[in-house]
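Enquirer: Residue numbers (the working numbering), protein chains in the order written: chain A, 1 to 307; chain B, 1001 to 1297; chain C, 2001 to 2357.
It should be emphasised that the hints constitute simulated quantities derived from the structure, not laboratory data. Relax, there's no trap hidden among the hints.
Computed list of lysine to aspartate or glutamate pairs in DMTMM-like fashion (alpha-carbon distance at most 20 angstroms, straight line):
no. : chain 1 : residue 1 : chain 2 : residue 2
1   : C       : K2181     : C       : E2119
2   : B       : K1220     : B       : D1193
3   : B       : K1220     : B       : E1198
4   : B       : K1024     : A       : E206
5   : B       : K1024     : C       : E2053
6   : A       : K121      : B       : E1287
7   : B       : K1220     : B       : E1197
8   : B       : K1024     : A       : E205
9   : C       : K2181     : C       : E2025
10  : C       : K2181     : C       : E2003
11  : B       : K1024     : C       : E2054
12  : C       : K2181     : C       : E2170
13  : C       : K2107     : C       : E2128
14  : C       : K2181     : C       : D2028
15  : C       : K2181     : C       : E2171
Stretch-level coverage of chain B by chain A, calculated; a stretch enters the list once three of its residues show a Cβ under 8 angstroms from a Cβ in chain A:
no. : region
16  : 1018 to 1031
17  : 1107 to 1118
18  : 1131 to 1137
19  : 1225 to 1239
20  : 1267 to 1280
For glycine and all other residues, C-beta sits at the position ideal for the given N, C-alpha and C.
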Amino acid sequence: MTDPARVQSTGTARTASARPSRRRWNPTHFLVFPTVGLLVAFLVFPYLNMVVMSFRNPSTSQVFAPGFTVGNYLDAILDTDLYYLEILWDTMVLGAATTAICLALGFPVAYHLARTSSRFKSVLYAFVLSPLLVGVVVRCYGWIIILGNNDGLINTTLMDLGLIDSPMTLMYNTFGVSVGLVHIFLPFMILPLLGAIQSIDPALEEAAQSLGASRLRTMLRVVFPLSLPGVQAGTVLVFVLTISSYVIPILLGGFSVMIMPTLVVQQLMDAMLWPFGAALAFILSIAGALVVYVYFRLTSRAIRGIA
Amino acid sequence: MTTAPDPSPIPNESAAARGRLQRKAGHVLYLAVVVLVYVYLLTPLVIVVLASVNAGEFLTFPPQGFSLRWYVAFFESEAFMGSLFFSLRVAFFATIISTALGVTVALYVVRFAGRWRERLRLFILLPLLLPEILTAIALLFFYYNAEALLRTLGIEVASGVFRNSVLGLLIGHVLITLPFVFLGISASLYNFDHSLEEAARSLGASRLTTFRRVTLPIIKPGIIAGALLAFIISFDLFNISLLLKGIGVATLPIQLFDYVRWEYDPTAAAVATVSIVITVIAILVTEKLVGLRSLRF
Amino acid sequence: MTELAIRGLSKRFGDVAAVDGFELEIGDHELISLLGPSGCGKTTTLRCIAGFEEPTAGHILFDDRDVVGLPPENRNIGMVFQNYALFPHMTVRQNLAFGLEMRSVPKSEMAERIARVLETVQLGDLGERYPRQLSGGQQQRIALARAMVVEPSILLLDEPLANLDAKLREEMRFFVRSLQKRIGITTVYVTHDQAEAMVISDRIVVMFDGHIHQVGAPDEIYSRPVSREVANFIGLTNFVEGRVQGADAAAGECRLETAVGTLRCAYPETLDVGREVALIVRPEAISLSAAAPAESGTNAIPGRVGERYFLGNITGYRISCADDLLLQVQDDPWASFDVGDEVWCTFDAAHAWIIPD
Chain A
1 MTDPARVQST
11 GTARTASARP
21 SRRRWNPTHF
31 LVFPTVGLLV
41 AFLVFPYLNM
51 VVMSFRNPST
61 SQVFAPGFTV
71 GNYLDAILDT
81 DLYYLEILWD
91 TMVLGAATTA
101 ICLALGFPVA
111 YHLARTSSRF
121 KSVLYAFVLS
131 PLLVGVVVRC
141 YGWIIILGNN
151 DGLINTTLMD
161 LGLIDSPMTL
171 MYNTFGVSVG
181 LVHIFLPFMI
191 LPLLGAIQSI
201 DPALEEAAQS
211 LGASRLRTML
221 RVVFPLSLPG
231 VQAGTVLVFV
241 LTISSYVIPI
251 LLGGFSVMIM
261 PTLVVQQLMD
271 AMLWPFGAAL
281 AFILSIAGAL
291 VVYVYFRLTS
301 RAIRGIA
Chain B
1001 MTTAPDPSPI
1011 PNESAAARGR
1021 LQRKAGHVLY
1031 LAVVVLVYVY
1041 LLTPLVIVVL
1051 ASVNAGEFLT
1061 FPPQGFSLRW
1071 YVAFFESEAF
1081 MGSLFFSLRV
1091 AFFATIISTA
1101 LGVTVALYVV
1111 RFAGRWRERL
1121 RLFILLPLLL
1131 PEILTAIALL
1141 FFYYNAEALL
1151 RTLGIEVASG
1161 VFRNSVLGLL
1171 IGHVLITLPF
1181 VFLGISASLY
1191 NFDHSLEEAA
1201 RSLGASRLTT
1211 FRRVTLPIIK
1221 PGIIAGALLA
1231 FIISFDLFNI
1241 SLLLKGIGVA
1251 TLPIQLFDYV
1261 RWEYDPTAAA
1271 VATVSIVITV
1281 IAILVTEKLV
1291 GLRSLRF
Chain C
2001 MTELAIRGLS
2011 KRFGDVAAVD
2021 GFELEIGDHE
2031 LISLLGPSGC
2041 GKTTTLRCIA
2051 GFEEPTAGHI
2061 LFDDRDVVGL
2071 PPENRNIGMV
2081 FQNYALFPHM
2091 TVRQNLAFGL
2101 EMRSVPKSEM
2111 AERIARVLET
2121 VQLGDLGERY
2131 PRQLSGGQQQ
2141 RIALARAMVV
2151 EPSILLLDEP
2161 LANLDAKLRE
2171 EMRFFVRSLQ
2181 KRIGITTVYV
2191 THDQAEAMVI
2201 SDRIVVMFDG
2211 HIHQVGAPDE
2221 IYSRPVSREV
2231 ANFIGLTNFV
2241 EGRVQGADAA
2251 AGECRLETAV
2261 GTLRCAYPET
2271 LDVGREVALI
2281 VRPEAISLSA
2291 AAPAESGTNA
2301 IPGRVGERYF
2311 LGNITGYRIS
2321 CADDLLLQVQ
2331 DDPWASFDVG
2341 DEVWCTFDAA
2351 HAWIIPD
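Here chain A stands alone, though its shape is the one from the complex:
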């Protein structure tokens, strides 16, 4: 296995006499073509095409009219009612809130799973994974059964018990959407945290305690700072997933919780406004990327001490 890899990596090695075939085409390169070809044809081109689409002229009779314009972007940003920007803001807030809740709930679980010596450890690990492996529609449907505004499990049970007189609104609002989002993205927070916490030497926690730190202070001063790489990975993952989620807001929010992805799909599928929809998708992507970039800049300084 040595020769082709070596030749590749040493590149300009002046040992031509020892390896006369160095410049010859290496057949192992064929291994990479099918995959790269697929990704270029059906990922790179489509995204480039989407950029182009966002600058197309809108049309009422066709998908788009001839010619190019920046009007799609301007329409979204300069809208006098701030309709689109407000939805963008709501999307970001929902993303930040979901991320924060996932972190608060995920950290204790990740810590417990990382440190437990229980023989049920692998069962617990499967529990954390299980929501991830079951389709998002199925999981949302479970929440619909539980939260349903009229016939949901919580409402019927509480009314049967006489604790409430009329059903509470648990779904088709931000609450319902948040419950679903946190539930579905929690594993994406727990798994990176688990990895980070597992790589922290337990002796560090004992050292902190031997120096007089309580459990809580050990958490705050030692475990949390050292798990920051996992925190960073998990929070970015959950944030990005949330601001690009479609099914959960639709199923648990109906159309009363409008965020960017639902708006974009509405523009594409119902209104058939493809250029405008593409522009909205890019506005969301750029805003999301900006938030993630700033977040990375802010958190990287804290992480630099570790590594």
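Given chain A, put chains B and C in place with the hints provided.
Expert: Just chains B and C now, kept in the frame of chain A:
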């Protein structure tokens, strides 16, 4: 470090007792949070299963009795059964294709890519890093334009060769599942002890024989885990399927989505339970064959 | 400072007793080593003292105050871990400040104490470094400094030198010992390295399978072990099985009947005649000669040189004697016997010892 007055660090008895109590209370609180989160994670799945065998229209507490009527309704529904088999078919082919691609490209990236390794790795993981809904939209536009482009180039293509066809949907599924297969296989290749191959070569095996008899059996768990994960992901894939589905064909998640948006009857619970069972079978197979820990995200 | 008393300490993990009936009094300023093979319970004992393990039974008294049930952070201990456990995200100074912050020491005093302890471990100029920028030996000394800067009642060291290379390890033994003597802090030191324990300790506690076998000063443990395990664990030992022929407690001597003849041995207690015992004699106590010794007072065993090896300061031999007895002998490097030579192994009664099984 010489002499300092002893700050009497050991607290007196009552303070110690209070500290002990606080410590215990804190620990109980922490465990309570952990347990509640597990309950939160599992409840919807349990509820779906319960609703599917509940006799009544709505799940109440306590349940109204055991019945399989919703399963009967499911199995008699042509739309649901059709989409179930359609989903299984798509997932099967997507898994085969992305596993074949994943094995070859992972081998290349780990063994032969040289200085391009990291860039190539990132490129292959791109479908995982980009939001699925964006990829779905991009593909939707692209399929539309590609047909027009091919026609202007004078290439005869049937209308909707990508759009409204299983091919377009399948490509989308392969794109999304490929990174998972790639991760599993390249991880097992990275962990591979090279001296094993050298040992085989020193014993007289050719390169191909070495790969077949030594390398492949050792990275097999990574391949199996990656493939089964790809199957599960494809089976549950939503956004790609929603935007790229053809007219009249829908995968199970899409069919379920359309149903639960407007209907409340627990046929959906039976469908959801069947889809959970299929996933659980895939997980159990993974666990049996290679262990859950081989799953990589 | 602090005296430490451990009374009836037991710790079980499920069905396994890691420590059973551990009794020990450790005096002020004393450095005690817990020595034994891995799994003998020495680390468990240390972790019980630190508070990381809750004992199943027994008491641990710091100056007559029972600390069982007290969490580690309230015990005012200083602990050094095998892998040092320096906080990687903090500089050396922040590491040293951690324990002081937990004790709410004022800022000015904190700086002063950190400077002083850095001076003590001779690393005054490394305060702003991160642990990963330090060598193993430096990390080790910072770990010591971090444990001591809080002025703990008890210092606990868990194999603190195990991760250092051999040369540095030997140097650090003396460093740790002199530091401990200078500060005079009561110290419990866990190690599996008998040489380390010998160099460093006032007294050594030898443990096997959760039990204390012997407590004593290094020379006592070496020359008068109480069990086969102790004799085997500490240095090389020859065992000669035998039966008591006669014992004279007044003269402090005991005669044994063995397969290689009657052997004499110094032993202060009276043993029943006929009892089966083992005589032990260390390799360096035996000398080799070509002819049988003239005087009758010394023990002499005839044999043949089976193997011979040269170690620089000594020459080692393996002597095959009657009845499959194999004696290990370490003699002067210039005494030269060859493989196959017939020799006499002689040793003084005062250098032998008896282990009554």
